[in-house]
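A.B. asks: Fit chain S to the known structure of chain X by using the hints.
Now for the letters of each chain:
Number of protein chains: 2
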Amino acid sequence: MNSFENFINDYELTMIDSRIKDAMVYALDGGKRFRPSLIFSIMDGFGAKREVAYHSALALEMIHTYSLIHDDLPCMDDDDYRRGKLSVHKAFEENTAVLAGDGLLTEAFGVVAKDEGISFEKRIKIIKYLSSLAGVGGMIHGQLLDLQSENSTHVTDEMLEEIDDYKTGCLFRCSLLIPMVLVEDEEHEEFYNMVGTKIGRIFQIQDDLFDVIKTQEETGKPSNSDSKNAKATALSINSVDEIRKKLNKEFDEIYNLLVDRNFNTEYLRNIIKKIEKR
Amino acid sequence: MNSFENFINDYELTMIDSRIKDAMVYALDGGKRFRPSLIFSIMDGFGAKREVAYHSALALEMIHTYSLIHDDLPCMDDDDYRRGKLSVHKAFEENTAVLAGDGLLTEAFGVVAKDEGISFEKRIKIIKYLSSLAGVGGMIHGQLLDLQSENSTHVTDEMLEEIDDYKTGCLFRCSLLIPMVLVEDEEHEEFYNMVGTKIGRIFQIQDDLFDVIKTQEETGKPSNSDSKNAKATALSINSVDEIRKKLNKEFDEIYNLLVDRNFNTEYLRNIIKKIEKR
Numbered sequence: 003m004n005s006f007e008n009f010i011n012d013y014e015l016t017m018i019d020s021r022i023k024d025a026m027v028y029a030l031d032g033g034k035r036f037r038p039s040l041i042f043s044i045m046d047g048f049g050a051k052r053e054v055a056y057h058s059a060l061a062l063e064m065i066h067t068y069s070l071i072h073d074d075l076p077c078m079d080d081d082d083y084r085r086g087k088l089s090v091h092k093a094f095e096e097n098t099a100v101l102a103g104d105g106l107l108t109e110a111f112g113v114v115a116k117d118e119g120i121s122f123e124k125r126i127k128i129i130k131y132l133s134s135l136a137g138v139g140g141m142i143h144g145q146l147l148d149l150q151s152e153n154s155t156h157v158t159d160e161m162l163e164e165i166d167d168y169k170t171g172c173l174f175r176c177s178l179l180i181p182m183v184l185v186e187d188e189e190h191e192e193f194y195n196m197v198g199t200k201i202g203r204i205f206q207i208q209d210d211l212f213d214v215i216k217t218q219e220e221t222g223k224p225s226n227s228d229s230k231n232a233k234a235t236a237l238s239i240n241s242v243d244e245i246r247k248k249l250n251k252e253f254d255e256i257y258n259l260l261v262d263r264n265f266n267t268e269y270l271r272n273i274i275k276k277i278e279k280r
Numbered sequence: 003m004n005s006f007e008n009f010i011n012d013y014e015l016t017m018i019d020s021r022i023k024d025a026m027v028y029a030l031d032g033g034k035r036f037r038p039s040l041i042f043s044i045m046d047g048f049g050a051k052r053e054v055a056y057h058s059a060l061a062l063e064m065i066h067t068y069s070l071i072h073d074d075l076p077c078m079d080d081d082d083y084r085r086g087k088l089s090v091h092k093a094f095e096e097n098t099a100v101l102a103g104d105g106l107l108t109e110a111f112g113v114v115a116k117d118e119g120i121s122f123e124k125r126i127k128i129i130k131y132l133s134s135l136a137g138v139g140g141m142i143h144g145q146l147l148d149l150q151s152e153n154s155t156h157v158t159d160e161m162l163e164e165i166d167d168y169k170t171g172c173l174f175r176c177s178l179l180i181p182m183v184l185v186e187d188e189e190h191e192e193f194y195n196m197v198g199t200k201i202g203r204i205f206q207i208q209d210d211l212f213d214v215i216k217t218q219e220e221t222g223k224p225s226n227s228d229s230k231n232a233k234a235t236a237l238s239i240n241s242v243d244e245i246r247k248k249l250n251k252e253f254d255e256i257y258n259l260l261v262d263r264n265f266n267t268e269y270l271r272n273i274i275k276k277i278e279k280r
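First to last, the sequence lines map onto chains X and S. Counting from 3, one number per residue, gives the positions in the first sequence under our numbering. Counting from 3, one number per residue, gives the positions in the second sequence under our numbering.
Wrong hints could be hidden among the right ones.
If several chains are the same, the list does not tell them apart, and a pair holds so long as it fits within one copy or across any two.
[Said to hold, decoys possible] DSS-like, lysine-lysine: derived pairs with alpha carbons at most 27 angstroms apart: (1) K92 <-> K200; (2) K116 <-> K251; (3) K51 <-> K87; (4) K51 <-> K34; (5) K23 <-> K130; (6) K87 <-> K276; (7) K275 <-> K216; (8) K23 <-> K279; (9) K130 <-> K248; (10) K23 <-> K275.
Derived from the structure by calculation, the hints contain no laboratory data.
Chain X with its partners taken away, still in its complex shape (with noise of 0.2 angstroms):
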């Protein structure tokens, strides 16, 4: 991933100078970059160059930190750490903190219309997944559930997978859509959706369970951020082993579904090894 990192300091550098630009930076700094590795791997999998991808990941990556941004906010859950350091509006101001947050996404999708490594109608597929799925169709929903569910008396099974399946789901839909489009395999755009979203399933619930279970210094982030703020959260209507045996049975369908596939997804398999292994 070191050529993916220098391909992001040196875009970085083609950015106006500013106090925006410092807060941007920082915030795209230290993340794991889960997603952009999801997209590499269907391009290793299909025996295509990463770099053709490089343009899509980088969007996809400043989407999600602009919605971590955003979310950490005083007024959405008021977390002062993430990615292991203060988040945006401690380390800088909340003004800043919401403008670099504008700026990211703003900036995403300059990043792909920029992209002169595929084509004008390659750039406007990406385009329209990167805004449906990010949008308040998407992901933009799925903040909003999860703030709507604060305080919930009722939580069930149905609503938790609603919220995570918009939160968190949309954007790992996105890391596979994207390279579907690039490697032009998009008769098989169901599968690709139902992998990303068995993803984004068992990413919320690590994340619903992290939160209780690790310390601040192994996620990076406040433990107990969620009984905080009296999220509706896997945790709300299941103990710590109930959760763990969901996880395993979510990792068995998510290894079936990449049996017998047009590609090789070894590759796919060994990012979902590393999910599992966080």
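C.D. replies: Below, chain S without anything else, positioned relative to chain X:
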């Protein structure tokens, strides 16, 4: 403009129902549509169909509207009224306002991407303009300069022009560059940038002036908001009379720019006259 308003309403119907959509629709409603009007005036001047520009015009209006929502937030200018009604964080909640702004910005790029009436290449060109002129090298940079100008002890004309050019001029330039792409008149990019910048300066100087000399009933937003926030505005270094003289000079200059062009500038002139009379 009725047909464009119908287009906006129809587009809104395609969005997933939620409190955030309600806030987006609320915010979009009641705008004066100066930026779309400018787009249409160029289309008219070239004898091109306005409908061809509807998607892009809606996208630009969405971006303008998102910027107002975030600009009004407590951590930014903290304004309670906008477009003659409560600002979004007052009519809804602060977190809904953040998400509604994010939603409008994200959706804007999707609106252009989904515009099947124009080529993929034109959509990409328009998205590039939107991203660069609304982003950290454009409007957002202007927001930063504007915030940084608060409590400035040494305000200069150059400083004000820089703020106005980024904060307000960038989207007005976009209003002229979008139709330029659509009618394929790209060799005159400099002209469109120049006129857009001038309109931006005029518009911002007027806004600075109206903040002092007009009532909230007339402008739809609180009076004296700038001095409350100790902003650097045209009023910081000029008397009302000097500003009126400056505006007259700017209008003379812009009308001169419109003479002997390769299209009928009468429609553009009419919109500028509307701006002169507002």
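A.B. asks: Indicate, hint by hint, whether the structure satisfies it.
C.D. replies: Hint by hint, here is what the structure shows:
1. Proximity of K92 and K200 under a CA criterion of 27 angstroms is satisfied in neither setting, with 33 angstroms inside one chain copy and 38 angstroms between copies.
2. For a Cα distance limit of 27 angstroms, the shortest separation of K116 from K251 qualifies neither inside one copy, at 42 angstroms, nor across copies, at 39 angstroms.
3. Taking CA atoms no more than 27 angstroms apart as the test, K51 paired with K87 passes in neither setting, with 33 angstroms inside one copy and 53 angstroms between copies.
4. Taking the shortest alpha-carbon separations for K51 and K34, only the intra-copy value of 21 angstroms comes in at or below 27 angstroms, while the best inter-copy value is 48 angstroms.
5. When the C-alpha separation of K23 and K130 is checked against a cutoff of 27 angstroms, the pair qualifies both within a copy, at 26 angstroms, and between copies, at 19 angstroms.
6. Taking the closest pair of Cα atoms, K87 and K276 come within 27 angstroms of each other only inside a single copy of the chain (23 angstroms); across copies the shortest separation is 51 angstroms, beyond that limit.
7. For the identical chains of this complex, K275 and K216 are intra-copy neighbours only, at 19 angstroms inside a copy versus 64 angstroms across copies, given an alpha-carbon limit of 27 angstroms.
8. In this assembly of identical chains, the alpha carbons of K23 and K279 never lie at most 27 angstroms apart, being 34 angstroms within a copy and 38 angstroms across copies at closest.
9. For the identical chains of this complex, K130 and K248 are neighbours neither inside a copy (33 angstroms) nor across copies (44 angstroms), given an alpha-carbon limit of 27 angstroms.
10. Taking identical chains as interchangeable, the C-alpha atoms of K23 and K275 are never at most 27 angstroms apart, the minima being 34 angstroms within one chain and 38 angstroms between chains.
When the structure is compared with the earlier hints, violations turn up for hints 1, 2, 3, 8, 9, 10 and for no others.
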